[in-house]
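2 protein chains.
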Amino acid sequence: MTVDKLDPDLLEGAAAAAEPAHESDSLDAENTLKPEFVRRVRDGLEAGENDAVYGLVEGLHPADIADLFELLDSDERPALAIAISDLMGSEVYAELNDYVREDIVEQLPAETVADIAEQLDTDDAVAMLEDLDEEDQQAVLAEMEPEDRAAIETALSYPEESAGRLMSRDFVAVPEHMTVGDLIDFLRDGRDLANEFWEVFIVDARFHPVGTCALSWILRTPRSIALTDVMQRDQTLIPVTMDQEEVALRFQKYALISAAVVDADGRLVGQITVDDVVHIIQEEAGEDVLLLSGAGEGDINEPIRDSYVARVRWLIANLATALLGATIISSFGGAIEKLVALAALSPMVASIGGNAGTQTMAVAVRALATNQLTRTNTTRILLREFRVAVLNGVTVATLIGVATALVFSNPLLGVVIGTAVVVNIITAGLAGVVVPVTLDRLGQDPAVASSVFVTMITDSMGFFAFLGLAVASGLVG
Amino acid sequence: MTVDKLDPDLLEGAAAAAEPAHESDSLDAENTLKPEFVRRVRDGLEAGENDAVYGLVEGLHPADIADLFELLDSDERPALAIAISDLMGSEVYAELNDYVREDIVEQLPAETVADIAEQLDTDDAVAMLEDLDEEDQQAVLAEMEPEDRAAIETALSYPEESAGRLMSRDFVAVPEHMTVGDLIDFLRDGRDLANEFWEVFIVDARFHPVGTCALSWILRTPRSIALTDVMQRDQTLIPVTMDQEEVALRFQKYALISAAVVDADGRLVGQITVDDVVHIIQEEAGEDVLLLSGAGEGDINEPIRDSYVARVRWLIANLATALLGATIISSFGGAIEKLVALAALSPMVASIGGNAGTQTMAVAVRALATNQLTRTNTTRILLREFRVAVLNGVTVATLIGVATALVFSNPLLGVVIGTAVVVNIITAGLAGVVVPVTLDRLGQDPAVASSVFVTMITDSMGFFAFLGLAVASGLVG
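Those protein sequence lines, which keep their order, are chains A and B. Those letters in the first sequence? Residues 69 to 545, per this note's numbering, in order. Those letters in the second sequence? Residues 69 to 545, per this note's numbering, in order.
Don't take each hint at face value.
According to the in silico footprint, chain A covers these stretches of chain B (three or more CB under 8 angstroms from chain A) [what the hints assert, rightly or not]:
#1 111 to 124
#2 174 to 183
#3 223 to 231
#4 383 to 395
#5 404 to 414
#6 443 to 456
#7 475 to 486
Distance condition first, Cα-Cα at most 20 angstroms in a straight line; then the derived DMTMM-like pairs of lysine to aspartate or glutamate [unchecked claim]:
#8 Lys102(B) - Asp154(B)
#9 Lys406(B) - Glu370(B)
#10 Lys102(B) - Glu114(A)
#11 Lys102(A) - Asp141(B)
#12 Lys406(B) - Glu405(A)
#13 Lys102(B) - Asp171(B)
#14 Lys406(A) - Glu370(A)
#15 Lys406(A) - Asp141(B)
#16 Lys102(B) - Glu114(B)
#17 Lys102(B) - Asp508(A)
#18 Lys102(A) - Asp154(A)
#19 Lys102(A) - Glu114(A)
#20 Lys102(A) - Glu405(B)
#21 Lys102(A) - Asp141(A)
#22 Lys406(B) - Asp343(B)
#23 Lys102(A) - Glu144(A)
Hints listed in this document are in silico derivations from the structure and should not be mistaken for laboratory results. The beta carbon of each residue, even a glycine, is placed where N, CA and C say it ideally should be.
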């Protein structure tokens with residue numbers, strides 16, 4: 069832990085500088101666009117005052133311009149795109165939400181889309197084109213320079229959400245016989261190199277990566293030293309077909325800034341940099357809550373029709389599980405007629421089990437997604453969740469049992485509901501681990517279907533244990 | 069989009085190199101430790117064969133050694149730490165799960181902890197020490213070099229989860245009058261600089277950052293050019309008190325690799341690099357599912373007692389909402405006695421509303437967390453969710469209404485349940501947006517409490533609408 073500050077005398081003569089940017093009257097404390105600002109843009113668009121709109125938007129960072137598009141209504145977006153066409157650089161398109169970008173791109177001529185795509189890094193261009201209709205995609209590709217078109221077509225040939233789609237073909241690779249000085253001369257040579265890069269890959273004659281070298285090491289090493297003496301040999305290679313979620317986990321685990329992507333023969337074909345991985349980490353970690361709740365992609369920019377289809381399927385699946393619960397209650401109709409309190413209390417038993425199951429399931433799904441829950445520790449985690457469930461079950465059952473016994477002046481009813489709650493919470497704890505782990509072993513995404521099964525188990529067990537115990541205990545004749 | 073490959077002739081004479089590392093018989097396809105491997109380590113520890121254990125673990129990456137600790141049972145971890153003490157470098161500690169690290173660190177003498185902390189970057193050292201008891205913390209700090217101790221004490225003076233805790237004091241800052249050549253000489257000078265850095269900060273005489281310079285630009289620019297002509301003036305400055313979630317959002321939005329941290333006077337005090345932000349993005353995005361489900365931190369390494377306390381509170385809160393539902397059902401006891409089918413069907417109406425509410429709530433919570441849902445577009449999103457809810461409500465109500473009418477040969481019962489389902493799904497859609505947005509405006513984390521309120525609303529509305537309509541429609545006398 070050292071502080072690399074300067075000697076104070078090095079600072080002599082340094083002039084006072086202007087305050088740095090990014091703060092403006094368009095952004096609030098949370099770095100989102102202010103409602104007043106968006107209203108002024110909206111009013112300007114409505115009044116057709118394109119110059120005024122341009123003046124407002126001109127100072128924004130491309131990422132904030134992208135946010136502005138997302139905040140406007142769908143029918144206002146084309147007018148904004150026209151008003152600020154000079155500012156619609158490739159960076160804005162790269163930052164746009166997929167749905168919003170598709171919305172705008174579909175309204176542009178193929179030639180304009182091709183111009184934008186050519187300015188983008190391959191990975192951003194692929195993101196822009198991959199969601200277009202086959203026909204529109206072909207029209208855009210036909211307008212592109214052969215070299216760029218070939219790069220995009222190659223990328224599109226890899227599976228969706230794979231490293232091949234995510235990687236950039238802009239990287240710096242040099243042969244292993246170079247010295248640090250050779251490398252610096254090569255970089256200074258004014259070649260058409262990548263715009264920004266953080267590591268240099270060292271390759272052998274077969275173009276297999278043999279090491280990487282952070283730029284800071286190069287800057288700090290004398291020119292005469294061989295690259296093979298500076299480079300790090302132990303590197304994380306990403307197969308071109310690897311799923312983006314796996315890629316994100318590697319970046320996170322090994323704290324990578326960039327990584328070499330290799331084809332099936334081990335040849336270097338691209339690089340992935342951490343800034344492209346950051347939003348994947350965010351999406352993949354955030355999608356569990358959306359998937360578990362059955363909200364599909366859960367993007368607020370998704371067309372209503374898509375949201376409807378994704379969610380209604382889930383509601384219907386849950387309907388089926390609720391039907392099972394209703395059937396169990398129906399079969400105890402006689403008992404309920406005799407003691408109507410059973411009707412009021414049985415949903416509580418089911419609901420508490422559901423809550424406990426959801427807790428355990430959320431923990432298990434996250435642990436599976438982050439590779440913390442593996443074959444090695446499944447038994448330990450199951451035991452752990454069993455213990456937590458016993459503690460929770462006894463606590464909640466005591467509360468609900470005593471309360472019920474007092475309210476209904478019926479101690480046996482209290483014992484019955486308490487016992488049912490313990491049974492259901494323990495069932496929930498076990499199901500909350502076993503269901504997602506089983507789905508994972510079967511190669512399914514545990515976040516997608518766990519919830520239906522766990523709810524089905526806790527609902528059924530709740531109704532069955534409570535009503536069954538009520539009958540078995542002689543509470544109702 | 070250009071490919072920066074080499075001329076093939078540059079590759080002449082390059083020798084075939086060894087295959088790169090990270091693949092071993094200890095890791096499976098998903099890059100997690102194989103159960104057989106962990107079993108061999110476990111057996112070795114049990115038999116006291118420390119040399120054999122050392123041999124097994126020796127080839128692992130520090131991040132994998134950290135994983136190994138997490139996979140072992142709590143009582144096996146000290147034995148492993150002893151067996152491989154030579155391999156327990158600072159990198160292993162930096163990668164360990166917080167709970168597991170605390171577990172191990174608490175068993176080490178203060179002097180050893182101080183030695184490890186001195187090797188770590190400030191941010192990692194802080195992460196290691198911040199969870200210790202005040203007394204243990206002081207004991208460790210007392211053993212440290214004054215300079216390192218001062219750095220950690222300063223960091224600990226910032227709020228938890230703030231930029232000040234997260235930042236590293238190892239950064240490179242140079243005055244604005246330097247040229248590219250001056251900078252390279254300064255870096256080559258063999259000073260005690262940061263080990264790895266990706267950008268150089270340019271500061272004025274008051275130590276205020278005026279620009280940043282990626283190392284790739286420096287390497288590609290002639291020595292005589294002034295740094296102020298190469299640097300990027302427009303930079304994202306992170307205030308030292310900023311919450312880590314905000315920091316993560318900035319990194320993501322502006323695709324940053326590193327950023328300058330400034331104090332209240334605008335002076336450069338540290339830097340945050342993207343590799344430290346990546347796991348925050350993952351945690352913050354992943355914690356929504358855990359918080360919404362009421363699982364607290366939801367870490368499988370958390371002590372059982374902590375998990376119990378976090379979860380039981382939530383179950384008791386939900387008990388209260390379930391009680392409200394039970395009270396509503398009870399108040400319709402007369403109707404249920406006359407038509408016991410009401411008891412079987414009312415949980416379905418409540419449960420479907422709960423599912424629909426959870427979907428919308430998950431979408432709203434994610435959109436709030438990623439700054440996509442702001443004051444500017446709340447009305448539009450509410451309207452959007454209303455539309456989706458109407459579509460879902462009509463679809464599900466038709467299914468359940470027709471099925472009920474047929475099964476019970478009672479068309480009026482079908483109409484009643486269908487109407488109640490439409491009402492409840494629309495209520496759920498609105499509550500799913502209004503509840504989290506209101507909590508957010510009140511400065512609360514919408515992921516923490518939304519679920520209790522939304523469930524309470526959909527449960528109550530489900531029972532009340534269904535049983536109320538049954539009575540009002542004259543279905544039951």
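So, going through the hints one by one against the coordinates:
Check result for the stretch 111 to 124 of chain B against chain A: violated, 0 residues qualifying (beta carbon to beta carbon below 8 angstroms, three or more required). Counting residues of the stretch 174 to 183 of chain B whose CB lies closer than 8 angstroms to any CB of chain A gives 0, so the stated coverage by that chain is violated, three being the minimum. For the stretch 223 to 231 of chain B, the stated coverage by chain A is not satisfied: 0 residues place a CB nearer than 8 angstroms to a CB of that chain, which falls below the threshold of 3. Residue count for the stretch 383 to 395 of chain B with a Cβ under 8 angstroms from a Cβ of chain A: 9. That meets the three needed, and the coverage hint holds.
Only residues whose beta carbon comes within less than 8 angstroms of a beta carbon in chain A count, and the stretch 404 to 414 of chain B has 9; three or more means the coverage holds. For the stretch 443 to 456 of chain B, the stated coverage by chain A holds: 8 residues have a C-beta nearer than 8 angstroms to a C-beta of that chain, and at least 3 were required. Coverage of the stretch 475 to 486 of chain B by chain A is violated [criterion: at least 3 residues with CB-CB distance below 8 angstroms; count 0]. A distance of roughly 23 angstroms separates the Cα atoms of Lys102(B) and Asp154(B); the hinted pair therefore is violated under the 20 angstroms criterion.
The hinted pair formed by Lys406(B) and Glu370(B) fails the criterion: a straight-line CA distance of about 50 angstroms is larger than 20 angstroms. As the CA atoms of Lys102(B) and Glu114(A) are separated by approximately 62 angstroms, the hinted pair breaks the 20 angstroms bound. Of the supplied pair hints, the one linking Lys102(A) and Asp141(B) is violated, its CA atoms being roughly 51 angstroms apart against a limit of 20 angstroms. Pair hint Lys406(B) plus Glu405(A) holds up; C-alpha atoms about 8 angstroms apart against a cutoff of 20 angstroms.
Among the hinted pairs, Lys102(B) with Asp171(B) is inconsistent with the structure: their alpha-carbon atoms are about 24 angstroms apart, more than 20 angstroms. Taking the CA atoms of Lys406(A) and Glu370(A), the gap is about 50 angstroms. The hint is violated against a cut of 20 angstroms. The hinted pair formed by Lys406(A) and Asp141(B) fails the criterion: a straight-line CA distance of about 52 angstroms is larger than 20 angstroms. In summary, the hint linking Lys102(B) to Glu114(B) is supported, as the alpha carbons are separated by about 19 angstroms, within the 20 angstroms threshold.
Between Lys102(B) and Asp508(A), the direct Cα distance comes to roughly 16 angstroms. Compliance with the 20 angstroms bound is thereby established for this hinted pair. Our distance criterion of 20 angstroms between C-alpha atoms is broken by Lys102(A) and Asp154(A), whose separation comes to about 23 angstroms. At most 20 angstroms may separate the alpha-carbon atoms for a hinted pair to count; Lys102(A) and Glu114(A) meet this at roughly 19 angstroms. Between the alpha carbons of Lys102(A) and Glu405(B) the distance comes to roughly 57 angstroms, so the proposed pair goes past 20 angstroms and is violated.
A hinted pair counts as satisfied when its Cα atoms are at most 20 angstroms apart, and Lys102(A) with Asp141(A) qualifies at roughly 16 angstroms. As the CA atoms of Lys406(B) and Asp343(B) are separated by approximately 65 angstroms, the hinted pair breaks the 20 angstroms bound. Between Lys102(A) and Glu144(A), the direct Cα distance comes to roughly 18 angstroms. Compliance with the 20 angstroms bound is thereby established for this hinted pair.
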